[in-house]
Amino acid sequence: MKIAFTTTGTTLDAPLDSRFGRAAKFIVYDLDANEFTVIDNEQNLSAAQGAGIQAAQTVARLGIQALVTGHCGPKAFRVLKAAGIKVYHTDASTVAEALAKYCAQELAEAAAADVQGHWA
Amino acid sequence: MILAIASGKGGTGKTTVAVNLARIYGAEIQIADCDVEAPNAHLFLPGARVRTETITTGVPQIDESRCDGCGECGAFCAYHAIVSFGTVPLVFPELCHSCGGCAMVCPRQAITEVARRIGVVETLRTDGITLIQGRLDIGVAMAPPLIRAVTARLRTDRPAILDAPPGTSCPVVTTLRGADFVVLVTEPTPFGLHDLELAVALVRELGLPFGVVINRADAGDDRVHAYCHAQDVPVLLAIPDDRRIAETYSRGGLIVDVLPEYRELFRSLLDKTLAAPLAGRQVRR
Numbered sequence: 001m002k003i004a005f006t007t008t009g010t011t012l013d014a015p016l017d018s019r020f021g022r023a024a025k026f027i028v029y030d031l032d033a034n035e036f037t038v039i040d041n042e043q044n045l046s047a048a049q050g051a052g053i054q055a056a057q058t059v060a061r062l063g064i065q066a067l068v069t070g071h072c073g074p075k076a077f078r079v080l081k082a083a084g085i086k087v088y089h090t091d092a093s094t095v096a097e098a099l100a101k102y103c104a105q106e107l108a109e110a111a112a113a114d115v116q117g118h119w120a
Numbered sequence: 121m122i123l124a125i126a127s128g129k130g131g132t133g134k135t136t137v138a139v140n141l142a143r144i145y146g147a148e149i150q151i152a153d154c155d156v157e158a159p160n161a162h163l164f165l166p167g168a169r170v171r172t173e174t175i176t177t178g179v180p181q182i183d184e185s186r187c188d189g190c191g192e193c194g195a196f197c198a199y200h201a202i203v204s205f206g207t208v209p210l211v212f213p214e215l216c217h218s219c220g221g222c223a224m225v226c227p228r229q230a231i232t233e234v235a236r237r238i239g240v241v242e243t244l245r246t247d248g249i250t251l252i253q254g255r256l257d258i259g260v261a262m263a264p265p266l267i268r269a270v271t272a273r274l275r276t277d278r279p280a281i282l283d284a285p286p287g288t289s290c291p292v293v294t295t296l297r298g299a300d301f302v303v304l305v306t307e308p309t310p311f312g313l314h315d316l317e318l319a320v321a322l323v324r325e326l327g328l329p330f331g332v333v334i335n336r337a338d339a340g341d342d343r344v345h346a347y348c349h350a351q352d353v354p355v356l357l358a359i360p361d362d363r364r365i366a367e368t369y370s371r372g373g374l375i376v377d378v379l380p381e382y383r384e385l386f387r388s389l390l391d392k393t394l395a396a397p398l399a400g401r402q403v404r405r
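In the order they appear, the protein sequences are chains A and B.
To convert, note that position 52 of the first sequence is 52 in my numbering; the numbers rise steadily by one, no gaps.
Just add 120 to the spot in the second sequence (first one is 1) and you have my numbering.
There's no promise every hint is true.
Stated by the list, open to error - With the Cβ distance kept under 10 Å, some of the chain A side facing chain B (calculated, not the full set):
#, residue
1, Pro-15
2, Ala-47
3, Ala-48
4, Gln-49
5, Ile-53
6, Gln-54
7, Lys-75
8, Ala-82
9, Ala-83
Said to hold, decoys possible - Which chain B residues stay away from chain A? Per the calculated CB distances, all over 12 Å, these:
#, residue
10, Gly-130
11, Gly-167
12, Glu-173
13, Ile-175
14, Thr-288
15, Glu-325
16, Asp-341
17, Arg-343
18, Ser-388
Derived by calculation from the structure, the hints in this document are not laboratory data.
We put the beta carbon where it would ideally sit given N, CA and C, even for glycine.
With the hints as extra help, turn the sequences into a complete structure.
As structure tokens, then:
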């Protein structure tokens, strides 16, 4: 099973990025193999609109089953839900801390977006 | 002749200039209120409403029985308004720019366009002035299609004054395209000058002839005058900082009606713009 984390860095010690759509990078952690890959999300940082939607498409294509991030808006949440990806919100400061909380089952699955959309 | 009244900064007096010019014109004239997020020209020209039209844009609708989830539509859309990853696409109508591309690239003809309401265009008549105004629905973010619906309703056999939205972004560009001459209204303050510089850069990019009106002229300093002189930009008019003008405005009155001594001032602007062949080139829509 693979989980995506939003981050500004490239290691497990890196800060968890509280933003989803405009996170700098995603760390995709493979729980079975205990290894991770880093996916760049730079193209989305300057997107005029639809950054959350694009980010959701990006992580959906990576074949993840769960996303751990700070906040998630309504459009991204809709896409993630359609892709069958579970969303977990956390205020953990690093990816490693968020991973530990996820593994300890301290995170509750989000039933809806927790922030408002930027458009309409 | 289409005269656009624009500004970088909001609240400089675009509508004041537009409605007073229309009133002093003395023959049939049209005003298009292109500030569709907050139209206000009607406050100064209360007329009988002769027409209200609902404006829509086309957004994609998916026939799920035809869609095989190939994802071509989502790959094409530059605005992320349609998303597919092996499933029936999700559509976000509020992000759609109505280009029709998704329907064209769909190999299974599963996408058709359906109408989505964005607002209304109202036509009002008062004393030889036809006011055409757009009203964007609450919650709709896409102003340009409604602005195009407003300007498309202008008759070509009569002059028109376009009251532009403030700023320098898409709604302003949409308004200015097709204008023959642009009047940029500003005020002699640091904010006024800063936003005037942005507006000048915009109209130069669009290749439109333009001039400046300085409102509340003696309220600030001479920085706008100095800038216009240095940039070789004509200052067409300076409207004094007169409390009676502000009071007239606050009551929804027209300066040229309530304060007759200002008629010559606005007439001189008319002579330099609508009534004069100042427009270097004629840009037809």
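Comparing the hints with the structure gives:
Here the hint on Pro-15/A is broken, as its CB sits about 26 Å from the closest CB of chain B, past 10 Å. Evaluation of the Ala-47/A hint against chain B yields a held restraint, the C-beta minimum of about 8 Å falling below 10 Å. Here the hint on Ala-48/A is kept, as its CB sits about 8 Å from the closest CB of chain B, short of 10 Å. Restraint check, Gln-49/A versus chain B: the minimum CB separation of about 6 Å is within 10 Å; hint holds.
Taking 10 Å as the C-beta contact cut-off toward chain B, the hint placing Ile-53/A at the interface holds, the least distance being around 4 Å. Hint status for Gln-54/A: holds, given a least beta-carbon distance of 5 Å to chain B, under 10 Å. Here the hint on Lys-75/A is kept, as its CB sits about 6 Å from the closest CB of chain B, short of 10 Å. Residue-level restraint check for Ala-82/A holds (minimum Cβ-Cβ distance to chain B is 6 Å; threshold 10 Å).
A hinted interface residue such as Ala-83/A counts as satisfied when its beta carbon comes closer than 10 Å to some beta carbon of chain B; here the least separation is about 6 Å, so the hint holds. No beta-carbon of chain A is positioned within 12 Å of the beta-carbon of Gly-130/B; the least distance is around 21 Å. Against the 12 Å criterion, Gly-167/B stays outside the reach of chain A, whose nearest CB is about 31 Å from its own CB. Every CB of chain A lies more than 12 Å from the CB of Glu-173/B, the least distance being 22 Å, so the non-interface label holds.
With 12 Å as the threshold on Cβ separation, the claim that Ile-175/B sits away from chain A holds: the shortest Cβ distance comes to roughly 16 Å. For Thr-288/B, the non-interface assignment is confirmed: its Cβ lies about 15 Å from the closest Cβ of chain A, beyond the 12 Å cut-off. Its beta-carbon lying about 19 Å from the closest one in chain A, Glu-325/B satisfies the requirement of being farther than 12 Å from that chain. A cut-off of 12 Å between C-beta atoms confirms that Asp-341/B is not in contact with chain A; the least separation is 37 Å.
Residue-level check passed: Arg-343/B sits 33 Å from the nearest beta carbon of chain A, beyond 12 Å. Every CB of chain A lies more than 12 Å from the CB of Ser-388/B, the least distance being 42 Å, so the non-interface label holds.
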